[in-house]
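Novice: Chains as they are written, first to last, in the working numbering: chain A, 1 to 194; chain B, 1 to 194.
Where hints are given, some of them may not hold.
Copies of the same chain look alike in the list, so a pair counts if it works inside one copy or between any two.
[Said to hold, decoys possible] Calculated cross-link-like contacts (lysine-lysine; reagent style DSS-like; alpha-carbon spacing at most 27 angstroms):
#1 Lys-110 to Lys-35
#2 Lys-61 to Lys-2
#3 Lys-150 to Lys-192
#4 Lys-192 to Lys-61
#5 Lys-61 to Lys-43
#6 Lys-110 to Lys-45
#7 Lys-2 to Lys-35
No wet-lab data here; the hints were simulated from the structure.
Number of protein chains: 2
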Amino acid sequence: MKAQQLLLTSIHHFAAHGYEGASLQEIATEVGIKKPSIYAHYKGKDDLFLQATTYALQEQKRRFATYFTNTRQQPLEQSLHGFFDWFISEQQDDILMRFILRAAYFPPEKLEQEMTDRFNPFFDSLHDLLTRLLRERDRTEQILYSTNYKSAALAYLTVAEGTLTELVYNGVDAFHARQQAVWPIVWRGMSKTI
Amino acid sequence: MKAQQLLLTSIHHFAAHGYEGASLQEIATEVGIKKPSIYAHYKGKDDLFLQATTYALQEQKRRFATYFTNTRQQPLEQSLHGFFDWFISEQQDDILMRFILRAAYFPPEKLEQEMTDRFNPFFDSLHDLLTRLLRERDRTEQILYSTNYKSAALAYLTVAEGTLTELVYNGVDAFHARQQAVWPIVWRGMSKTI
DNA sequence: TGTTACCTAACGACCGTTAGGAAGGTGATT
DNA sequence: AATCACCTTCCTAACGGTCGTTAGGTAACA
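Throw the hints in and build the complete structure from the sequences for me.
Specialist: Below, the structure is given as structure tokens:
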């Protein structure tokens with residue numbers, strides 16, 4: 001179905017050129033239809049962008065949740081640290097992350113409210129997921145320095161966002177350099193091990 | 001001089017709408033001239049954007065260096081931690097930072113090389129500045145856990161970038177929440193104090 | 001018969017850019 | 001001292017292009 005192709009291609013183009021820079025002409029051509037045919041599936045550029053955002057957030061949330069579920073039996077540090085490596089290995093998906101970061105940080109002005117309404121629940125649910133993970137895991141491992149799990153989760157998310165942004169922008173090498181610099185410090189800061 | 005006005009107004013518009021979304025028409029109107037008059041000062045939109053980037057990086061580097069010079073006699077933690085507060089108070093005009101982040105993360109495709117050529121030295125010089133700061137200060141305070149100052153500086157820069165990005169995007173309140181979550185962990189991770 | 005998914009053609013608006021000229025100041029030449 | 005050429009800075013007018021969008025039609029299919 002062309003509707004789904006349009007959505008995926010749009011994410012690609014919006015990620016690369018931004019809302020203003022992406023061209024419906026080019027998106028249509030890549031999908032193999034003419035520009036006005038887009039309007040058979042979406043009300044317009046705004047609608048396409050909003051639906052792309054909704055899809056991207058839902059998909060990314062699903063992937064993150066899957067990772068942390070699948071590593072449930074690993075030690076906490078391995079699960080948290082391995083997340084970065086897992087993210088790299090899903091190389092193809094950094095288009096999704098790039099789209100999300102761009103739409104989050106620099107949304108088109110007129111859609112700012114709609115973006116906020118979508119991103120806040122997304123981020124909150126990630127925050128909750130991580131908080132629960134830290135709390136449950138610490139109950140058995142007793143490894144975290146502080147029991148303020150919510151705060152620790154937020155710190156982890158901040159560092160993750162910073163390094164993943166680096167990955168999206170500067171590539172794998174710069175990312176590895178940062179990760180190797182920042183992770184020992186962060187883990188030493190949040191765990192009991194000294 | 002209109003040339004300088006054009007530069008500053010451009011930074012404002014590029015920060016708000018991106019390269020593709022910014023309009024020479026609107027920039028000219030805000031400065032009080034007609035659109036084609038821009039060409040008396042700059043060769044075109046590209047030239048304007050590149051000169052704006054050069055100016056913004058030079059200016060931001062100057063401000064950062066000034067802060068760390070002025071806090072030279074403070075304890076290291078105070079100087080590093082206070083940087084965030086200083087950024088909020090001194091940079092109520094966070095437009096400069098917003099422009100820099102946007103131009104760094106999502107440059108116009110055709111200017112990607114020129115952007116990289118400008119941003120790498122900028123980031124490297126910040127990295128060097130911080131590395132020297134940590135080394136010199138640790139010589140007297142003996143407070144850092146590791147003597148890999150370059151790595152510690154990179155970790156600090158990563159966290160700073162992540163939280164400052166949060167400030168630019170989500171505002172002061174979300175920024176404070178993150179800063180309070182992440183700083184105790186990072187400082188505990190990089191210092192000897194347990 | 002009605003709906004879905006595509007098409008061609010074309011709309012008005014805006015884009016960055018160029019041509020060409022007016023006004024004013026500067027500096028050298030007469 | 002007066003004239004001249006020249007440069008800078010602005011202007012109006014207009015260029016070719018691309019933008020998102022709409023109108024209206026066609027073919028397939030339920």
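Novice: Hint by hint, say whether it matches the structure.
Specialist: Results of checking the hints against the structure:
Taking CA atoms no more than 27 angstroms apart as the test, Lys-110 paired with Lys-35 passes in both settings, with 23 angstroms inside one copy and 24 angstroms between copies. For the identical chains of this complex, Lys-61 and Lys-2 are intra-copy neighbours only, at 24 angstroms inside a copy versus 48 angstroms across copies, given an alpha-carbon limit of 27 angstroms. When the C-alpha separation of Lys-150 and Lys-192 is checked against a cutoff of 27 angstroms, the pair qualifies both within a copy, at 17 angstroms, and between copies, at 25 angstroms. Proximity of Lys-192 to Lys-61 under the C-alpha cut-off of 27 angstroms is found in neither arrangement, the shortest distances being 30 angstroms within a copy and 37 angstroms between copies.
Taking the closest pair of Cα atoms, Lys-61 and Lys-43 come within 27 angstroms of each other only inside a single copy of the chain (26 angstroms); across copies the shortest separation is 45 angstroms, beyond that limit. Proximity of Lys-110 to Lys-45 under the C-alpha cut-off of 27 angstroms is found in both arrangements, the shortest distances being 12 angstroms within a copy and 23 angstroms between copies. Taking the closest pair of Cα atoms, Lys-2 and Lys-35 come within 27 angstroms of each other only inside a single copy of the chain (13 angstroms); across copies the shortest separation is 41 angstroms, beyond that limit.
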